[in-house]
Each structure stands twice: as structure tokens, then as C-alpha cells.
Amino acid sequence: MSTAAPSSKRGTKWCRFPLTHPTLRTGSPLSRGAGEGLSLAIRNNPSLAWREREGSTPRAWEGEGIPLLAAILGYLLGSIPSGLLLTRLAGLGDIRRIGSGNIGATNVLRTGNKRAAALTLALDLAKGWAAVVIARCWGEEAALVAAGSVIIGHMFPVWLGFRGGKGVATALGVLIALAWPVALLGALVWLATVVIFRYSSLAALVAAVASAVLARFVVDGLTAAVIAGIALLIILRHHANIRRLIAGSESRISLTKS
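For reference, each letter of the sequence shown is one residue, going -6 to 251 in this note's numbering.
Worth flagging that the hints you see were computed from the coordinates, not collected in a lab. Every residue, glycine too, gets a C-beta built ideally from N, C-alpha and C. Possibly wrong hints are sitting among the right ones.
What follows is a list of derived Cβ distance ranges for each label pair [what the hints assert, rightly or not]:
id	residue 1	residue 2	range
1	Leu181	Asp213	21 to 29 Å
2	Ser242	Gly214	22 to 30 Å
3	Leu82	Gly241	16 to 24 Å
4	Glu57	Ala111	38 to 46 Å
5	Leu215	Gly58	31 to 39 Å
6	Ala218	Val188	39 to 47 Å
7	Asp87	Asp213	36 to 44 Å
8	Gly222	Leu78	25 to 33 Å
All chains should be built: construct the whole structure from the sequences, respecting the hints.
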């Protein structure tokens, strides 16, 4: 399928998503061997200009309203309260009245419904990934705007009085789309910390810091700054957990089948 821009102003234009991301540092082992990538059809918008991009993302949209559009897209996707919707559909009540009151997968797991918790994790991760991938049609800068906005939307959804989740799963989805090596390390660090200490909050904090540090060596400076900003937001959202960890009153998660 050709990815060339149509000569007519009507019809379908194509946006290519490379298998290796333009944000990876040039010349690093992770940036070599780029594949052909995937293609996504998007509708033509006469108010936006079509242009060629340098690098592995061949085309992108230009326009003064693109950053705002990417921010709105990211926020709306992030503000979908997956945990709250799933627990209500499962007849488990309002997840905000259970356990820590958080709408994330860890608190959904406290209901005893592991399937709902796993689905919450998957959906929260997917919306972070989708925000970046869709916004990448408009350029890498738009993808970074969407990356930050989807985290903010998850943490502060307007539909829930700006009281949302802590953004860990959504951040993992963002990292998969921005820089999968950073996402892989973050996931491994999170898992190792959970296995050793059995604190989900501690695992999130350690993984956030580790991801921000690794990003400095793997991706370009602007992307690394966005990842560091996301890590900082995650740390700030865990302020109550940090106080409980220091006081020794933080609840542990069970790794048994019971």
C-alpha cells in the first residue's frame, strides 16, 4: 500500500507509525534496523497542512492548533475511568468506596475480582499507548503533548471531580509508545520490587525513578524531559503512600492465589 500523499485534497491520507521510534538516540543499537512500520488511515482535514518529515516518520500534520488538539485528545482518553466503570459493570459497587479509594488496578484487585483488575490494568495501559500513537500522526511534538496530557487526564479526570488514579499503568502505555526499552526496564523494576518488598506503591516509585534515569541515555532530550515529568507526577500522586511507607503502615499486596 502506497504511503504517498494523494494529489486530490479529498480522500484518505496515511500516517505511518515506525517500529523504531524517532525519539531513540541516533546511532544507538536501539535505533538501528528500523522496520517498515504500520499505517493508519486518517481523514483529510483541510485546515491542517500536510508536509514531509525528516527521519523515520515520513509525514505529519502541521497547524497552529495541533498542540491543543493533541492535549485535548490525550486528556479525554486519560480521563476514561476504566476501574470505576468495570467495577460497576461487575456489580462490585463504587471502587472509590473500597480500599484506598483509588480507581486503579491495584485497588480493583482488593475487591477480589482478579479479572476486573487485569482488565483495568490493560485498559489503563492501552489509553496511554493510544494517545501517543494517534497524536504521532501530527508529529513527534504532538505525541509528547499527548503523552503528558493522557497522564494528567487519568490523574485528574473532570468527570470525577479531578480525583482519579495514580497513573502507573497509563504511564507504562505511554512509555511503550515513546520508548519501549524504557518501558521494559520500568516493568522489570516494578516486578522485582513487588516480589521483594510486596509494596505496589514502592514498586511504582522505584520504577518511575528508574525510567526517568534510563530515558536520559536512550531517547532525545525533549522526550527524556517529558518522561521525567511523568515520573515526577507519579511520585507526587503517591504522597500519601510515601507517608505510610515511612510510618510503616502501608498495606502490602498478596502474591498468593488465595
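query = So does Ser242 sit 22 to 30 Å from Gly214, Cβ to Cβ?
reply = violated (40 Å)
query = Has the hinted range 38 to 46 Å been met by the Cβ atoms of Glu57 and Ala111?
reply = holds (42 Å)
ask   = Quick one: are Leu82 and Gly241 within 16 to 24 Å, going by C-beta?
value = Since the Cβ atoms of Leu82 and Gly241 sit about 36 Å apart, the hinted range of 16 to 24 Å is violated.
Distance restraint hint 21 to 29 Å, applied to the beta-carbon atoms of Leu181 and Asp213 = holds (23 Å)
query = So does Asp87 sit 36 to 44 Å from Asp213, Cβ to Cβ?
reply = holds (42 Å)
key: Satisfaction of the hinted span 31 to 39 Å by the C-beta atoms belonging to Leu215 and Gly58   = Distance hint for Leu215, Gly58 is violated at roughly 20 Å.
Whether the CB-CB distance between Gly222 and Leu78 falls inside 25 to 33 Å = holds (28 Å)
ask   = Is 39 to 47 Å a correct range for the gap between the Cβ atoms of Ala218 and Val188?
value = Hint violated: Cβ distance 31 Å, outside 39 to 47 Å.
The structure does not agree with the numbered hints 2, 3, 5 and 6 stated previously, though it agrees with the rest.
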